[in-house]
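*Asks:* Each protein sequence line maps, in turn, to chains A and B.
Read in order, the letters of the first sequence correspond to residues 0 to 335 in numbering that gives the first Met the number 0.
Read in order, the letters of the second sequence correspond to residues 0 to 339 in numbering that gives the first Met the number 0.
Heads up, a few of these hints could be off.
Stated by the list, open to error - Straight-line alpha carbon distances no greater than 27 Å define the calculated DSS-like cross-link-like pairs of lysine-lysine that follow: (1) A:LYS123 - A:LYS135; (2) B:LYS218 - A:LYS135; (3) B:LYS17 - B:LYS29; (4) A:LYS320 - A:LYS238; (5) A:LYS135 - A:LYS297; (6) B:LYS148 - B:LYS107; (7) A:LYS135 - B:LYS255; (8) B:LYS17 - A:LYS238; (9) B:LYS314 - B:LYS255; (10) A:LYS20 - A:LYS297; (11) B:LYS218 - B:LYS148; (12) B:LYS314 - A:LYS135.
Said to hold, decoys possible - A few chain A residues that don't get close to chain B, going by computed Cβ distances all over 12 Å: (13) ASN54; (14) GLY71; (15) GLU113; (16) LEU115; (17) ILE241; (18) VAL261; (19) ASN267; (20) GLU294.
Worth flagging that the hints you see were computed from the coordinates, not collected in a lab.
C-beta: ideal position from N, C-alpha, C; glycine also.
Below, each chain spelled out in residue letters.
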Amino acid sequence: MALLEVNNLEVSFGLRSGGVKALRDINFKLDRGERIGVVGESGAGKSVLGFSILNLISNPGSITGGEILFEGKNLSKLSAGELRSVRGNRISMIFQDPMMTLNPVLTVGEQMIECLMAHRKIRKEDARNIALQKLKQVYIPSPETRLDQYPHELSGGMRQRIVIAIGLLMDPDIIIADEPTTALDVTIQAEIMELMLELCERNNVALILITHDLGVVSQVTQRTIVMYAGRIIEQGPTKEIINDAQHPYTQGLMNALPQMAVPGARLNQIRGAMPPLQRIPTGCAFNPRCDYVTETCKHNLPGFTESGSCLVACHMVAEMKREAAQAASLAQEVQS
Amino acid sequence: MNAQSQETLVQLDDIYKKFSISGDFLDQLKFRQGRIVREQEFVHAINGVSLEVKRGEALCVVGESGCGKSTVARTVMGLLNPSQGSVHYDGQRIDNLNDRALMPYRRKMQMIFQNPYASLNPRMTIAQTLQEPVALHNPGWSGQEVRDKVAEVMFSVGIDPSWGERHPHEFSGGQRQRISIARALAVGPEFIVADEPISALDVSIQAQVLNLMMDAQEKHNLTYLFITHDLSVVEHFGTRVAVMYLGSLCELAPTKALFSTPRHPYSQALLSAIPRLDDNRPQHIKLQGEVPTPVNLPPGCVFHGRCPHVNDRCKREIPQLIATDEGGQVACHGVEEGRI
Ligand SMILES: Nc1ncnc2c1ncn2[C@@H]1O[C@H](COP(=O)(O)OP(=O)(O)OP(=O)(O)O)[C@@H](O)[C@H]1O
Ligand SMILES: Nc1ncnc2c1ncn2[C@@H]1O[C@H](COP(=O)(O)OP(=O)(O)O)[C@@H](O)[C@H]1O
Ligand code: SF4
Ligand code: SF4
Ligand SMILES: [Mg+2]
Ligand SMILES: [Mg+2]
């Protein structure tokens, strides 16, 4: 049994203009200790996916289809109490915005101790020691002093490191990290990613890493999920996706990196923007921005085609695969 | 970039900024050796930073979190008063002006913030957010002219015009940051301070926004002070790079020179840590120790506790900026002594 299994997940927002689907057809598995990267454009639904795993989608949003199985139990069917024992304990989340985790009126130490004491029967001094030790693990300079400081006294990067320390507090099975190092500079990012990698490996913690940094994905994760307009459009082993992306959108993402252009020259941007949820085009959602678009793409939603070890939602890839199969069977006929 | 001149647009002279972290007056009173004394503790966020931004250039500021990049940005914008030192804009001293006297500069200087969550007013629609500064700075314009300008800017940053009636909370972080950039560009500024403007964006939009900022720079001869932690963006976008550590300027160099021959030991460590797509990247230089707090600054070179090239002089004497052969400046005894 996979540690986490997401089947046909659908999440909708009930906006005034009528309900819109923020996520559709979401299917993936996460094994114990496995690290998955989730990449995609802003608004693709990465954060909604992260939130919905913990059933943190609040009004006007809700899970409108599918299931999320954690050790076989459907998370969206748990009672509030059961959910609380999973959230922050078995599965912890590190958000894009550190102030979503940090309480501005409590010191760093107070909130860490409070969190520990809410989940464990533990004395205050011990809680303080654990808090101190976790701060050291994320390379917080002078951790003793930091325990008594308020979030607003810290720089953005420092706050996020404290949030990461809080995420590690309960030794969870899964960490969902939503752009955790976006606000950090590279020496710290490299150290934190190395640290998260080390902690995940040592304790067999699974990681869902939501990020826009393909470099980070390639160094930290084993598998990658690429999302576009609320749907997974490609998933597979990270190495395959980085070296040989199949979906035109994934290829576009790779080509848009500054490393792919001459310094000072314009970058290879993908034209246009991802559509708002209310106006996702029919057929393939990427079709208005795609260089390979055909009539089929404008009318039919592409299903998932296996290509190598990847699953790709693209008519062109399906077409190429059909042709290759035809050519292969033709060659066999000729031989026999 | 090509439009860069030698003319100085913004000049920072020996800027210091400290923040008191001791609370109010009563909190500062301590009982020591039988008598009451007033003790105040400070965060020394910037310590003697001097910088010139040339008209038409894109000066990038990089450095570890908490090293004072945002403090530099906010001091330049007049959102913070320096504790010591001065800021000149186009030859005029601006750090000592009151709000009214600053008004004309507010149009010329625009800022894009690090946090797309905090910088948009949650109660205003996107259209209102964008129209407000345009109307404020163009009192003679008709409603239609304002709306046209806003539509043009929205289009140029890839915002769907139908978003105009919606509120910030309905957008993801990246979408909100594009709206902030549109708001800065809408009033036609000549100098933009951008504090991590694209960090929250995905690569395809980063590419568009960088292309957009480069286009805007060419079209309007814009000058940028660009703060980022993404060195691949710096390499692509910056004309010069300022590397900061713990409130001090370590190195200032033309981008090409910095990336080919970083001189300061901290710059060398920083560049080695860029996450590359290939797995067989060169091992990043691991620094020993931790970043000290800016509450108790180390004596001498602020980097000495982590530097692989430290010697006795480094622990005593603060290194001053010296010119390098590559056309930059570096503050390091090791470089000056010719041993690095
Ligand atoms: N209002 C304040 N009160 C106390 N200390 C402050 C305040 N603002 C900033 N500091 C401190 O000043 C130093 C520099 O902060 P600054 O925000 O400029 O860092 P930064 O380089 O922008 O970091 P980051 O990359 O994390 O955004 C930090 O040590 C920070 O904790
Ligand atoms: N509270 C909300 N109400 C309406 N729409 C929302 C809400 N939160 C998110 N959305 C929409 O859902 C989509 C996915 O958002 P999100 O998951 O935050 O994207 P990202 O991939 O950048 O993390 C976006 O189009 C966003 O505008
Ligand atoms: S399905 Fe068609 S439009 Fe969509 S990515 Fe493939 S080729 Fe492009
Ligand atoms: S001055 Fe000394 S300690 Fe500082 S960077 Fe140079 S060699 Fe290292
Ligand atoms: Mg997000
Ligand atoms: Mg900052």
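*Asks:* Determine for every hint whether it applies to the structure shown.
*Replies:* Hints, one by one, checked against the model:
no.: 1; hint: A:LYS123 - A:LYS135; result: holds, 18 Å
no.: 2; hint: B:LYS218 - A:LYS135; result: violated, 49 Å
no.: 3; hint: B:LYS17 - B:LYS29; result: holds, 21 Å
no.: 4; hint: A:LYS320 - A:LYS238; result: holds, 21 Å
no.: 5; hint: A:LYS135 - A:LYS297; result: violated, 53 Å
no.: 6; hint: B:LYS148 - B:LYS107; result: holds, 17 Å
no.: 7; hint: A:LYS135 - B:LYS255; result: violated, 36 Å
no.: 8; hint: B:LYS17 - A:LYS238; result: violated, 47 Å
no.: 9; hint: B:LYS314 - B:LYS255; result: violated, 31 Å
no.: 10; hint: A:LYS20 - A:LYS297; result: holds, 19 Å
no.: 11; hint: B:LYS218 - B:LYS148; result: holds, 16 Å
no.: 12; hint: B:LYS314 - A:LYS135; result: holds, 25 Å
no.: 13; hint: ASN54; result: holds, 20 Å
no.: 14; hint: GLY71; result: holds, 32 Å
no.: 15; hint: GLU113; result: holds, 22 Å
no.: 16; hint: LEU115; result: holds, 24 Å
no.: 17; hint: ILE241; result: violated, 6 Å
no.: 18; hint: VAL261; result: violated, 9 Å
no.: 19; hint: ASN267; result: violated, 7 Å
no.: 20; hint: GLU294; result: holds, 25 Å
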